[in-house]
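Visitor: Starting from the known structure of chain A, fit chain B onto it as the hints suggest.
From first to last, the protein sequence lines are chains A and B.
Residue numbers for the first sequence follow this note's numbering, beginning at 1 and rising by one.
Residue numbers for the second sequence follow this note's numbering, beginning at 1 and rising by one.
Wrong hints could be hidden among the right ones.
Which copy is meant is left open, so a pair is good if it fits within one copy or across any two.
In the SDA-like style, the derived pairs of lysine to any residue whose C-alpha atoms are separated by at most 25 Å in a straight line are [as the list claims (entries may be wrong)]: (1) Lys-192 to Pro-250; (2) Lys-455 to Ile-465; (3) Lys-349 to Ile-475; (4) Lys-402 to Phe-389; (5) Lys-472 to Ala-484; (6) Lys-232 to Leu-11; (7) Lys-89 to Leu-247; (8) Lys-90 to Thr-58; (9) Lys-269 to Leu-96; (10) Lys-63 to Leu-93; (11) Lys-264 to Pro-212; (12) Lys-232 to His-207; (13) Lys-15 to Ile-412; (14) Lys-63 to Glu-124; (15) Lys-472 to Leu-448; (16) Lys-192 to Phe-298; (17) Lys-428 to Leu-96; (18) Lys-192 to Lys-202; (19) Lys-140 to Pro-205; (20) Lys-283 to Ser-445; (21) Lys-428 to Phe-298; (22) Lys-119 to Gly-168; (23) Lys-140 to Glu-97; (24) Lys-472 to Glu-453.
Quick caveat, the hints were computed from the structure, so don't treat them as lab data.
Number of protein chains: 2
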Amino acid sequence: MENKLKIHNTLSRKKELFEPINSPYIGMYVCGPTVYGDAHLGHARPAITFDLIFRYLTHLGYKVRYVRNITDVGHLEADADEGEDKIAKKARLENLEPMEVVQYFSDRYHKNMDQLNVKNPSIEPRASGHIIEQIEMVKKILEAGYAYESNGSVYFDVKKYNKKNNYGILSGRKIEDMIANTRELEGQSEKKNPYDFALWKKAQPEHIMRWPSPWSDGFPGWHMECSAMSTKYLGEHFDIHGGGLDLLFPHHESEIAQSVAANKMQPVKYWLHNNMITLNGQKMGKSLGNAVSLDEFFTGKNDLLEQAYSPITIRFFILQAHYRSTIDFSNEALQSAEKGLKKLFTAIKSLDKLIASEKSTSNIKALREKCYDAMNDDFNSPILIANLFEGVRIINSIKDKKETISAEDLEILKKLFNDFVFDILGLKTEETTGKQNELVDGLLSTILSIRQEAKSNKDYATADIIRNELGKLNIQIKDTKEGASWEIGD
Amino acid sequence: MENKLKIHNTLSRKKELFEPINSPYIGMYVCGPTVYGDAHLGHARPAITFDLIFRYLTHLGYKVRYVRNITDVGHLEADADEGEDKIAKKARLENLEPMEVVQYFSDRYHKNMDQLNVKNPSIEPRASGHIIEQIEMVKKILEAGYAYESNGSVYFDVKKYNKKNNYGILSGRKIEDMIANTRELEGQSEKKNPYDFALWKKAQPEHIMRWPSPWSDGFPGWHMECSAMSTKYLGEHFDIHGGGLDLLFPHHESEIAQSVAANKMQPVKYWLHNNMITLNGQKMGKSLGNAVSLDEFFTGKNDLLEQAYSPITIRFFILQAHYRSTIDFSNEALQSAEKGLKKLFTAIKSLDKLIASEKSTSNIKALREKCYDAMNDDFNSPILIANLFEGVRIINSIKDKKETISAEDLEILKKLFNDFVFDILGLKTEETTGKQNELVDGLLSTILSIRQEAKSNKDYATADIIRNELGKLNIQIKDTKEGASWEIGD
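So here's chain A without its partners, still in its complex pose (with noise of 0.2 Å):
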C-alpha cells in the first residue's frame, strides 16, 4: 500500500506521515457513547468520522481492529467525580434495573448505527463488563506510587504525576490553570487536590452498580474503562485513539496519565480529535435543550425541522465538513445535502450507461489521483466529494455528447466512484432494493409500451393522459431517439 497519508496528531498539534506500529496491522479505539438517551447529531458525528477513517484504512489494504466502546457504569453527571451515575439515574426515574436501560439505548443506537451505514467496530467491549480489568490497572497506579486511597476510593495523584510527567500533554493545560478553574464540589475533600481525579470511587448505600474491589464496593472512575479496555484488546502501545474534541480534556488526558503510571509507556501514537456541531453558531447539547436525536432527523418530527432528512443525508451533510472544522447545523444546509446527493447518484446511474469512445477529453487518472491526495491529507473528505463532483460534471458532460472518455478510462471512473462514494464515504441509495424495485421497473415498462403504442396510433390524448398520470406520482418521462425513458423524483 502507497504510505502518503499523514494525519494530524492532536498530541504534537502538527500533520504526520501516518507509520503504523505493526504495519499491515492497525488498533484503534474510540470513545462510543454513554448510553442513557438517544443518539443525536453530537453522536453521529464522531461514529461517521471514525467509520471514514476506518473505511479509508481498510481500503488501503490494513488490518484494523476497531474498538468503540459502549460507557454503561461509571459517568457521572456532568462528568463529575461526585453525583449520580448517568445511568442509574435514568433507571431510577424510570423504575428500571440500570441494565434494562443500557439495553434499551443500545439497541437503539445500534440502529441508528445501521441507518447512517456506520460499519460495526470489530469489538464492543462495555464499562462493566471489564470491571476487573480496571482494579487490576488501579492496583499497578497505585504501585507505581501515582494513586492514594482515600475513604474507600482511589484518586490519581496529578501532582506527584506531573512532577516526571506532564499532565497536559495532550490538551496543553497547565496544572496552575486547573486549580482556578476548578470548581470545590461536596465530597472533594477527599482528594489531595482538587484536580485528582477518581480511579475508583465507593458506592453511596443508594448506589445500585457496584462491585467488591480491595478498597470497597464501588465502582469505576470514569477515565478508567477506556484505559483498561484499550489495553486489553490492542496492547499497551497502539495507533490510533479518536473521539470528539469535547473528550479531549479531562478524559483523554487523564487516559494518558493512567496509562503512563501503570504501563510506563505513552498509550497512542497518534490522537484524533473530530470537532463539535453547532446550532447558529451554539454548542449543540442535552442539557442546552437543543438536541436533536437522530429519530427526530429521519421523521422530521422537532420543531426545529422543516422536513425529515434521511440517514444518509445526515451522513452526507458531516462527510461535507472536514472532521476537524465545526459544522453549523441548519435547513438549508441539509437540503442543500440533500441535493448534492441526489445530483450524485443520479450521475452514478448515468455512469453506468456511458458508452466508451476513442479517447478521453478530461483526465481521469489525474481525477483518481486527486481523490486520494485529499483523503491522504487527513482524511479530507469535503476536498473528496469536491473531486468527486468534478467527476459528475464529466459524467454528465458525456452523457449529454460534449465530452468523450476512452473505455480504459471509463473502467476506471466506475471503479473510482465505487470505491470513494460507496466504500469509503459509505454512501448508498436508499430506494428499497429487489423484489420491489423490479416491480416498480417492469409497471414502469408496461406502461411506457402502452404509451408508446398509442402514439404509433397517433391517439396522443392517451399518450398525454399517461405522462401527467406519471407527473402526480412525480415520475418524469423522457422522450428521445431510443425511446422514452423516465426517472423517480422524490
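Guide: Just chain B now, kept in the frame of chain A:
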C-alpha cells in the same frame, strides 16, 4: 388480567396454573447462544418460542423483565470440563482476538433475530462481563461446603450436595446412572467424582481468556454464568427459566444445584423447555454436518433446500408446532407453511375491506375465546393457528357473501387478528412498506384506469395486452362490478 394460563413445568412434569411470584412483574431467563458460529434452526427455535411467551405474557398485561444471555467464555468443546473453549478455538483458527469472534457472531445473531421478528430481550448480559459475580457465587458455594478446590480449579461436590438435596430434581436422573454414563477424560483426576462439574477452571498457559481469582488465573465453568446473571438481574427466586431441551442436563440441573448451594433456595418457579428440530427424524446439529444456517434458509443456498424460505416463513413453520413437540424439518413442510402464511395474509387484506351487516352468521366471540384458550393451554400456538384459520374461512365466506358479520363482531375480528397474528405470533408481511408501496399502488391505478378507458372505448385488444403484461409481473386483475382490483403474487 385473567389468570387462566397453565404452563407445563419441567420441574413437576405437570401443567400448573401460572401464578407469578410478584404479579404483575415477571422475571424470565432464557439461555442464549454461544457465539462462535452462524445461527441455525436450532437457535431459531428457543428464540421464537420464548419470544412468543414474552409477547403473550406482555399482551396479558404482565411487566416482563426478559433476560437472555450471550455465552462468550467458558463453554468448552463437547460441553465438557476439559478441552478448548469454543470461542477461543474459533479465534485461534481465524487468527483473531476471541472478542472479535464474539462481536462478529453476536452481530450476525442479532441481525437474524431481527429478521425473524424476535423482540430484543430487556437485558442481554454476557458471561465475560460478569466474572466478578461468578467468582462471588463460587465463594458462596465453597463457604456452604458444596465445592472443593483442586489444583487451582474449583469443582461442585455433587455427591455431598445430593445427600441433603436432589441432583436430578429437574432431569429425573439418578447419581448411580450418571456414574455409569460418565466418560473418563484427561484431567478428571482433579475431581473427587467423575460427575462433579467445574465452577472455576485454572487456565492452561495457552488459554487467552483468563481473569484473576482467589484460586488461579482462569475462567468460570460453563454453568456458573447463568446462575450468577439470573440472580443478579432477576433475584434469587424468579418466575421462568427457559431453554432448549438439550440444556436440561447437565446445564440446568447444575444451575439449580449451584443456586440451591449458594442461596439456599430453588431459583426458579417454572422451568420451560422447547423440544428439538429433527431432519428426517435425525437430530440436527453442527457436529452432525446437517445444520442449515438461518442465512442459508433465507437465501436458499444449501443443498438440502429446494428454495429460499423467508424469515417469517421459518417463524411460522416453528410456531405451527407446539414448543414441547419435536419438529421435523422438510422442504414440503416449509413450503406448506409458506402457502399457509400467504393464505392468512390474503385473508387479513380482505378483512380490512369487509362490510358489516345486521347480523353475524358465525360466533366471533366464541372464536376469540378459543384463541385465548389455546394460548392459555401452555402456549399452544398450533391450536391458536388452527383457530385463526377458522377465522380465515369466515372472512372468505363473508367476502364471497356466503356469510355476514355484524359491525360489533367485525371490530372484534379485526382486533383478534391484529392481537394474535401481529402482536402475539409476531408475524408480519414481508413486502417493503412506505414510499415504494405507494409507488406500486400509484402505477397500478394508472395502468388500471388506462385499461378501463380502453374497455369503455371497446378497445379490448389493449385491455387484454395490459392484463397479459401484468400477468407476466405476477399481478392478477379481477374485474368486479365495483371496478378492477389486483393482487400481487409472490
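Visitor: Decide, hint by hint, whether the structure agrees.
Guide: Right, here's what the structure says about each hint:
no.: 1; hint: Lys-192 to Pro-250; verdict: within (18 Å within a copy, 54 Å between copies)
no.: 2; hint: Lys-455 to Ile-465; verdict: both (12 Å within a copy, 16 Å between copies)
no.: 3; hint: Lys-349 to Ile-475; verdict: within (16 Å within a copy, 28 Å between copies)
no.: 4; hint: Lys-402 to Phe-389; verdict: within (17 Å within a copy, 64 Å between copies)
no.: 5; hint: Lys-472 to Ala-484; verdict: both (18 Å within a copy, 21 Å between copies)
no.: 6; hint: Lys-232 to Leu-11; verdict: within (22 Å within a copy, 42 Å between copies)
no.: 7; hint: Lys-89 to Leu-247; verdict: within (22 Å within a copy, 37 Å between copies)
no.: 8; hint: Lys-90 to Thr-58; verdict: between (38 Å within a copy, 23 Å between copies)
no.: 9; hint: Lys-269 to Leu-96; verdict: between (41 Å within a copy, 22 Å between copies)
no.: 10; hint: Lys-63 to Leu-93; verdict: between (44 Å within a copy, 17 Å between copies)
no.: 11; hint: Lys-264 to Pro-212; verdict: between (27 Å within a copy, 22 Å between copies)
no.: 12; hint: Lys-232 to His-207; verdict: between (27 Å within a copy, 15 Å between copies)
no.: 13; hint: Lys-15 to Ile-412; verdict: neither (30 Å within a copy, 69 Å between copies)
no.: 14; hint: Lys-63 to Glu-124; verdict: within (17 Å within a copy, 30 Å between copies)
no.: 15; hint: Lys-472 to Leu-448; verdict: both (15 Å within a copy, 16 Å between copies)
no.: 16; hint: Lys-192 to Phe-298; verdict: neither (48 Å within a copy, 62 Å between copies)
no.: 17; hint: Lys-428 to Leu-96; verdict: neither (38 Å within a copy, 30 Å between copies)
no.: 18; hint: Lys-192 to Lys-202; verdict: within (17 Å within a copy, 41 Å between copies)
no.: 19; hint: Lys-140 to Pro-205; verdict: between (27 Å within a copy, 22 Å between copies)
no.: 20; hint: Lys-283 to Ser-445; verdict: neither (51 Å within a copy, 49 Å between copies)
no.: 21; hint: Lys-428 to Phe-298; verdict: both (16 Å within a copy, 23 Å between copies)
no.: 22; hint: Lys-119 to Gly-168; verdict: neither (33 Å within a copy, 47 Å between copies)
no.: 23; hint: Lys-140 to Glu-97; verdict: between (32 Å within a copy, 24 Å between copies)
no.: 24; hint: Lys-472 to Glu-453; verdict: both (21 Å within a copy, 18 Å between copies)
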